[in-house]
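> Residue numbers (full-length UniProt numbering), protein chains in the order written: chain B, 1 to 296; chain S, 1 to 589.
Since the hints were derived computationally from the structure, they do not count as laboratory data. No incorrect hints appear here.
Quick look at which bits of chain B chain S covers, simulated, 3 or more residues with Cβ under 8 Å:
1) 145-155
2) 168-180
3) 185-198
4) 217-224
5) 230-242
Just so it is clear, CB atoms sit at the ideal spot from N, CA and C, and this is done for glycine as well.
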Amino acid sequence: MAYDIIGYRPLNTFMHRRDPRVKILWFLALSLPAVAWNDPLWLLGVLTAVLIFNGVAKMPFKGALKILILLTPAMLVILVFNIFFFEQTVTASRPPWQLYYLGYVIPQIGSFGPYGYVSLESLVFASGAMMRFFIITLAGRVLLSTTSPSEVPATLTKLRAPVEMAVAVSVAFGMVPAMIQQVTSIFEAQRSRGWSVSSRNPVKAIRRFVPTALPIITRAISRSEFIAAAMASRGYGYNPAKRTSLKELKLNKTDWMMIVVLVSFLVVNQVSAFVFNMGDYRATAAMLRNALGIPT
Amino acid sequence: MEKASQEQVRDVQGTYDIVIENLSWTYSGSKHPAIRNVSLRVRPGEVLVITGPSGAGKTTLTRVMNGLIPHFYRGEMKGEAYVKGLRVKEYDVSVMASKVGLVFDNPANQLFTSTVLEELAFGPENYCLPRDEIIRRVNYALQFSRLTGLENKSPYLLSGGQQQACAIAAIVAMMPEILVLDEPTSNLDPEGTELVFNRVKEIAETQRKTLVIVEHKLDYVIPLADSLAVMNNGEIVAYGKPLEVLDKVELMEELDLQIPHATEIAYWFRKKGQALAKIPVTIDEGVQFLKSMLNPKNLPRITASYVERDDPQPRGEVAVRCEDVWYQYKDGSMALKGVDIPAIYSGEFVGFIGKNGSGKTTTAKLLNGLYKPYKGRVLIFGRDTKNLSVRELASEVAYVAQIPDDQLFAKTVREELAFGPRNLGVPDEEVMQRVDAVSEELELKPYLDISPFTLSQGLKQRVVVASAVTMNPRILVVDEPTTGQDYARAAAMMELAKKLNEKGTTVIIVSHNMDLIASYCHRVFVFYDGKVIDSGIPREVFQREEVLARTSLKPPQVTSICRRLADIGIPNNIITIPEMIEFLEKVVG
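Start from the sequences and build out the full structure, keeping to the hints where you can.
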């Protein structure tokens with residue numbers, strides 16, 4: 001299922017036509033500010049930009065929604081962790097201020113510190129953290145769905161990775177659909193024998209996976225051996241250092257323009273965050289306090 | 001003296017593309033050699049066909065030819081092998097592969113890139129060819145494989161026949177002088193088999209390349225072959241001109257090979273003491289042969305009443321019923337577009353036939369609830385599968401998957417057989433009783449306490465069926481029991497199903513092998529483009545030209561021969577060799 005959502009979709013859109021190196025830069029230009037900024041409002045802007053590119057690449061928004069659903073458990077963990085371990089960012093330019101406490105997540109026991117408190121600030125910060133996670137995943141999806149695995153070896157070679165690594169990555173991508181089919185067949189074969197995982201005891205549930213895990217492992221091993229033999233039979237290893245490539249990567253005018261725009265944006269967002277302390281969650285927190293009439 | 005013998009060796013290597021002398025190979029970890037004292041010589045442009053039962057050592061021999069043995073697989077080698085004058089022991093696979101292209105049996109195990117284009121370019125790229133040359137070769141290979149237009153598709157999404165054509169094209173793009181094909185059609189439907197053999201024919205007839213083909217379907221390859229080698233237990237037991245080898249009737253019958261029906265008919269005449277000028281192999285040759293052997297004027301008018309013996313009126317309650325069943329894949333495409341099966345009766349033995357992707361397997365998986373209909377109803381003994389889980393249905397319908405290794409996991413065969421009924425909550429005592437009874441019935445008793453992984457492929461398949469039978473199903477669905485199997489093993493599997501059927505189990509077989517369908521099934525359902533377009537007793541269905549043409553199905557060879565001899569009084573509805581022999585006994589014997 002996951003591969004349906006993030007796997008390569010052979011279309012011919014503006015994003016598909018870009019050189020993979022430009023797409024990697026695009027991914028960095030939108031993911032790095034998501035790391036540098038923590039203000040949910042600013043991050044909402046980045047998310048909107050990613051969603052616009054998602055549309056440009058003709059990726060179904062239903063897929064984005066599916067990702068959101070898949071990420072929900074992880075996002076909830078992020079939420080809880082951020083609430084529990086929230087500490088104000090205090091630097092010379094960011095003096096501490098009084099947090100506005102909303103209540104406890106769990107009752108305070110003994111000296112179980114400030115953790116367990118829910119403050120307005122921690123909620124604002126946590127929602128930013130969740131959005132950050134979603135932005136990076138969504139941008140990654142656009143990158144993967146618009147870049148053919150066949151472009152991966154040439155890209156890696158251009159980025160000066162060893163040929164062996166480039167081929168290995170390409171083969172790994174190529175084998176994904178076959179592996180998914182394999183896993184599905186194994187699950188179907190065992191379900192036909194009345195097998196299911198349903199058990200309330202987590203240890204038992206893990207043990208119940210053995211009838212599927214074992215065939216998956218043995219079949220994967222035997223398949224890898226066949227694939228290795230097939231690769232050797234096609235001359236792999238003849239002279240890796242001088243291996244040539246059918247795929248040629250060339251940057252066109254639009255690619256260069258994209259590079260200029262993306263590099264500029266990347267510089268601006270990193271400077272704004274690390275030099276001017278912009279994109280800080282406290283701006284939104286202060287706005288909320290003002291709106292709710294809570295004194296800062 | 002030594003110098004003279006060296007020169008002799010060089011002479012031999014110059015005359016032949018492949019020279020194998022007294023070669024033996026034992027895989028490391030194995031006690032017995034996979035091949036023993038094998039000697040072969042193949043001239044440039046020669047087509048050598050190697051056949052023999054599973055486990056005879058055919059694949060091992062092909063691995064020697066491109067250096068996978070001894071450089072990729074570990075083991076002990078005795079004797080010598082030279083290919084294009086290169087001593088195999090001395091040259092790495094990557095060097096040998098430029099001279100010898102090796103295509104494996106299973107396309108899924110040899111396609112590993114993301115697009116057809118990349119697959120075809122992989123070999124030339126490894127040999128560091130300039131980009132222009134790679135493009136030229138890829139275009140040539142695309143044209144050769146008839147895959148033009150599909151270059152950006154994932155090889156994995158092609159049909160079985162196209163996948164194997166792609167695997168052959170990937171080798172063709174490397175332009176080796178010798179091509180070795182190891183059972184290239186063992187996983188394909190009739191249409192895919194046709195596609196692949198047409199490509200092989202082009203290589204043999206137009207390109208005049210040296211070809212080594214390991215194959216069971218002799219009627220396809222014998223017309224191309226210059227020589228035929230038969231292997232058994234790691235040894236070559238017969239080797240020479242194809243017709244001379246086929247003439248060794250006793251040996252051929254002993255090895256239980258998939259002998260073309262035309263040849264089997266000739267064997268019958270030979271046993272009756274007739275001198276034969278030439279052994280027929282193809283349909284045309286079979287027709288000519290029978291015309292020459294049977295004088296129409298002397299043929300007594302026998303109206304063979306084969307139809308009556310088919311017993312088309314099944315009894316019992318309705319076990320399976322499909323009412324306008326639709327099924328949609330996750331990508332939105334429709335796999336089934338209104339399958340109607342009015343009734344499969346309890347105790348019947350039926351076959352689902354049709355080409356790959358026609359909906360046979362999807363329908364089979366709907367029967368045990370693995371898939372649920374998108375529209376319509378599937379009824380198992382009157383109960384709608386929509387409201388039943390796979391687990392609930394498992395005690396009614398057992399589905400046996402194509403590949404045994406997809407489900408074997410337990411430490412012992414006993415545990416493997418007990419797995420199903422335990423999942424259904426059957427008390428342990430009864431589980432063990434069932435395991436005992438089923439293992440007795442299916443002759444698995446001696447293997448109960450050993451690991452299923454150590455068994456031969458044939459035994460593994462028997463364990464898989466037995467593990468379904470221990471769930472006491474009333475319906476047994478066997479999906480493609482013949483995939484990747486030789487004829488003897490496939491027939492053994494069908495015998496097993498027949499045995500269960502005789503005890504009352506309803507059996508549904510999904511298969512491409514029309515010989516087996518003709519021999520075992522009471523009725524067949526013909527699938528085409530997500531629908532059942534025809535059904536009936538095999539004898540009738542094999543007469544319907546338009547259905548066969550539409551679905552690319554080929555009736556058994558004996559039927560095709562008989563249909564062309566109706567004018568000399570041979571009944572056109574004979575579908576098996578025993579029926580043909582019965583007829584011949586009456587008119588000639």
